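*Asks:* One line per chain: the protein sequences are A and B, in this order. Residue numbering for the first sequence follows my numbering, beginning at 1 and increasing consecutively. Residue numbering for the second sequence follows my numbering, beginning at 1 and increasing consecutively.
No wet-lab data here; the hints were simulated from the structure. Note that the structure is predicted; figures quoted are calculated from it, not measured. Watch out, some of these pointers could steer you wrong.
All copies of an identical chain are treated as equivalent in the list; a pair is satisfied when it fits inside any one copy or across any two copies.
Stated by the list, open to error - The calculated lysine-lysine pairs, modelled on DSS-like cross-linking and capped at a C-alpha distance of 25 Å, are: (1) 338 - 142; (2) 543 - 312; (3) 80 - 200; (4) 433 - 543; (5) 447 - 200; (6) 433 - 572.
Number of protein chains: 2
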Amino acid sequence: MAGIRTPRKIAEMGDVMPAVYGEFERIAERLERHYRDMQDLEFTIERGRLYMLQTRSGKRTAAAAVRIAADMVDEGIITKLEALARIEPAHVDQLLRDQYDPAALRAATRVAKGLNASPGAAVGRAVFSADDAVAWVGRGEKVVLVRIETSPDDFHGMAVAQGILTARGGATSHAAVVARQIGKPCVAGCAELLVDYATKTARSTDSGGSFAEGDWISLDGSTGEVFAGSVPTVSARYEDQHDLQTVLGWADEVRRMQVWTNADKPEEAALARSYGAQGIGLCRTEHMFREGERLDIVRDAILVAFEATRAKERRAAGEALDADETAVVARFDAAMAKLEVLQQGDFEGIFRAMDGLPVVIRLIDPPLHEFLPSHEELLEQVVRLRTLGTPEADPEYAAARTLLAAVARLREQNPMLGLRGCRLGLMIPDFVKVQTRAILNAQIAVKRAGGDPRAEIMIPLVGHVNELRVTRRLLEAEAKAVEAAAGVTVDYKFGTMIEIPRACWVADEIAQYAEFFSFGTNDLTQMTFGYSRDDAEGGFLLKYVEDGILPENPFQTLDDVIVAEMALAVEKGRGARPGLKVGICGEHGGDPASIAKCERIGLDYVSCSPFRVPVARLAAAQAALVSTAERDR
Amino acid sequence: MAGIRTPRKIAEMGDVMPAVYGEFERIAERLERHYRDMQDLEFTIERGRLYMLQTRSGKRTAAAAVRIAADMVDEGIITKLEALARIEPAHVDQLLRDQYDPAALRAATRVAKGLNASPGAAVGRAVFSADDAVAWVGRGEKVVLVRIETSPDDFHGMAVAQGILTARGGATSHAAVVARQIGKPCVAGCAELLVDYATKTARSTDSGGSFAEGDWISLDGSTGEVFAGSVPTVSARYEDQHDLQTVLGWADEVRRMQVWTNADKPEEAALARSYGAQGIGLCRTEHMFREGERLDIVRDAILVAFEATRAKERRAAGEALDADETAVVARFDAAMAKLEVLQQGDFEGIFRAMDGLPVVIRLIDPPLHEFLPSHEELLEQVVRLRTLGTPEADPEYAAARTLLAAVARLREQNPMLGLRGCRLGLMIPDFVKVQTRAILNAQIAVKRAGGDPRAEIMIPLVGHVNELRVTRRLLEAEAKAVEAAAGVTVDYKFGTMIEIPRACWVADEIAQYAEFFSFGTNDLTQMTFGYSRDDAEGGFLLKYVEDGILPENPFQTLDDVIVAEMALAVEKGRGARPGLKVGICGEHGGDPASIAKCERIGLDYVSCSPFRVPVARLAAAQAALVSTAERDR
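Go ahead and model the full structure; you've got the sequences and the hints to work with.
*Replies:* Shown next as structure tokens:
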């Protein structure tokens, strides 16, 4: 403390003017006790007399903020609650980001300095256009995108770059706003930098330093500094940060809401658990579909899924299938059986990592075409082969045509509002059956090995109670078959996402079939605003935020209308099922301002990405303190 | 009346058993007076004694129903209100559909008879697959699609056919449900028909009649009959239907809600007015963009719209433009000026047709790519030319590449949730300015010619009050400029669509800037359910309705949650602006069940397609009667 608040030159004052210095020390201590915080003091001494000019709470780095708070509690100046109120969630976030190695940074050559527009360290090779950024990244390079200023046309380059550097524009410029939105470090408005697109070079008029396309540069988005070369970074290790752990321990004593995590793999789950996650709020099964050999199996299943399902329905109705239909069913069932084995293994890993804690597993959600090759690439291939006069029977041409036709059948005008979520399971019931078997058999296996697996199965995109009712019936029949085959009973919970606006209005009906709700606020925001996030964030939404039409990006912080919809769902849901467990697993679950809103409407937990878990622990504690204070008022 | 309820064989009874016949006549009349409706009577005579077995209200054709109701009022048996309650809106609909010429029908050869699955007359050449249907229609032919049964794979063929005929399936079969959804006549479950896909022929096992691909056939979806050849139809002329006009006149005395129409052209407006429309509730300006030479002008404007807008912004900020930028601005302004002249002419025509009645004009709404060539066709063209080794400078190749790049930039993942509606006007303000000038100058011109034009300008897709506030400011500035140039003031109203779920929750804020609301229930349903209508109706939504997951198609009849959102908006909107005028212009505005829901939440008017106006007049009257009865209870 003393070292921080009394730099050496003030300490020297003690030798020169001992009386005045003594007086200064007494006033400073009194002010700190009064404001219960480190103070930045301004004063002057005229003719041996001390005049205090101004005092305000001191600015500090993240590490200092946490350190000071912990020290002040130790010294009895403030309580734990006051310490918690004083630390900003952004501080916790900063402590967990990779940072430049301090020694390396001292040795590095600073080329220029601009505005610290979006925090974090970005190291990459300089490129001077968005198209170049995409091209270099396509070759496996890391790049920093350097522009005089950015416009919506640069978005594709910003999205692939490590960081963004602009010569023009302030904290609300296009570059700055987009960079913060997509979580990329950015130094903006670096006016001393002369950027020349023709020669693909940049030169500082202040330092004289320069770099050209392909040269390594290192940005510090937290300070606005730009360094030549590739400055090494050090990863921030949570386990080394004892002050942070202490403070978050106090947060855990105070907060009412639990903090869970969104994790699809055992290693993510383990990381989040080390950060204090108390469960998995969202395990996306389809992420498991995309790896290596699995994608081929998934594609094989998808290509015949509808045909096979119709054939199975006819068979169930007593009709005989012909040889073609029998073959299609066999091909589909074989692919699904392989998937079941792979998914069971995945779930076993997750259950082991989260032993004793709840794991919410969401059944398959995205539109099926996301697992197939792109329509555009297939079309190009087919047109090329056709133009070359390739014979119809040519194997490559025939395969491409078949695949193109399959992809064309699955294509939708607005896939976000199309065949996905529970709609998929109702059209192709085998998706629900196979995933149910994989989850329950994984539970049985882990439990037999002495573990404590706690599955909660979650149905996505429910808008009408009948969707959940029918899916539940399907799932329970399959679960009973698994239990009968294994000769055991399996504990699992059954619940639903609330992410369709309609679901909020009929949450009382839905709660009759759901043991828990989890708000999918990404989709709820998309549909309530009528914004496709993919289209809006690089386009009109950015301009809306820049121009003040929207106060903030509703995909970052929960809009109050979304909160009103959620409150309606909580009220109706708990009205129909007292004690209904309600959480949030949209990205807002890691945003402090949104966490405060979740506290106000009485959610049981927030779930966020592993790296946001510590931030969420603090934010949930602060939200609880505010709620308590409001109740006491 | 007598002729209908006493067919000749019963009349003959009077000669044979005069006493019993006299008793029968007395009982029949008493029953009709009691039930106040035409009765179907079942009786038997045993040993000279009359036994009445059953009585029930008689089934009747649409013409008979209207005729009987009018006659019973004339005879003093029922009141006008009872007559209104008794006629079904479907009767009115049937009276306005084209029907087969009765003489021609008597002369026609009936081939077969199935279920009357979806009403109306369909005449076309027989085709036996959906792909054939599309191919024949592509050559300018009218077709009737003949299938053993239909599946979702047939949807593209059903959509282009005049009507659908199936050998299998009942009233809830795929063919029947889809046909009703898309408004096509359908005869389903025509079991006597042997359909052979291999030879593309069909033969009736009952009549022995047959037809092959390309033969003309005529379906009557109201009776289930199938005729050989092209049976001539007669159009149903409203002006000849005096009974209907009488009954609808009573409806007009009773109903509280006005009935407006959705019309984009003067001739549609005139037709709707002849049917009794009291205003235009939706005039879609973009439909005017698609005709003939206009499309080229629109495309020219769109291709440079963003570049020109950015250049104009820079110019407004005092920056100098280079030659390229100046040229782009000039090209854009020239195209927009041409459009302005054309649109002003359109509006003048509409104002003249609706002289003295309100005309709600919606500013441009759809995503811009809808006006450009398809991405797929352009991509095929570019890949073909590339594969052929076409030189880069080749004019066709260069033009295709330029256009493809432009279309690719405008493409969106989910255009329904993308850059459209008011978002477009906020990104490219010239769209708002040019349309405002065209509307106001059209009003000035029509008024100077002695007319009484009443424009109401409507902003689509508003979700946040600031969108409306900023658009209104932009529009009013332009309106003032027009007024100043013309030296007159122009009366117009300013209002908004309510079609984004969020807008319902903040309708009080929005009402501060809107003089009227119009519910766009198509989009409101899409977003509240998370359904893309284009994708859902041919796919999972159909299965949902077939399987009873949804009680009905929410795009046909307003779902109760949509009604709850609308009620919230009405309450909040009128709370902030008493007397706020509120209507509906989604397709639900022509659906009787939905009209009843609109009455309950107090809308001022419903707006529907011209042909639905008479139906809506009756339905609005019936809804008012029910409301009055409910209030009186």
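*Asks:* Now look at each hint and say whether the structure bears it out.
*Replies:* Results of checking the hints against the structure:
In the homo-oligomer, the alpha carbons of residue 338 and residue 142 never lie at most 25 Å apart, since the shortest distance is 37 Å inside one protomer and 48 Å across protomers. Proximity of residue 543 and residue 312 under a CA criterion of 25 Å is satisfied inter-copy only: 16 Å between copies versus 51 Å inside one chain copy. For the homomeric pair residue 80 and residue 200, neither the shortest alpha-carbon distance inside one copy (54 Å) nor that between copies (84 Å) is at most 25 Å. Taking the shortest Cα distances, residue 433 and residue 543 sit within 25 Å of each other only across copies (19 Å), while inside one copy they are farther apart (45 Å).
For the homomeric pair residue 447 and residue 200, neither the shortest alpha-carbon distance inside one copy (61 Å) nor that between copies (61 Å) is at most 25 Å. Taking identical chains as interchangeable, the C-alpha atoms of residue 433 and residue 572 are never at most 25 Å apart, the minima being 30 Å within one chain and 46 Å between chains.
The earlier numbered hints that this structure contradicts are 1, 3, 5 and 6.
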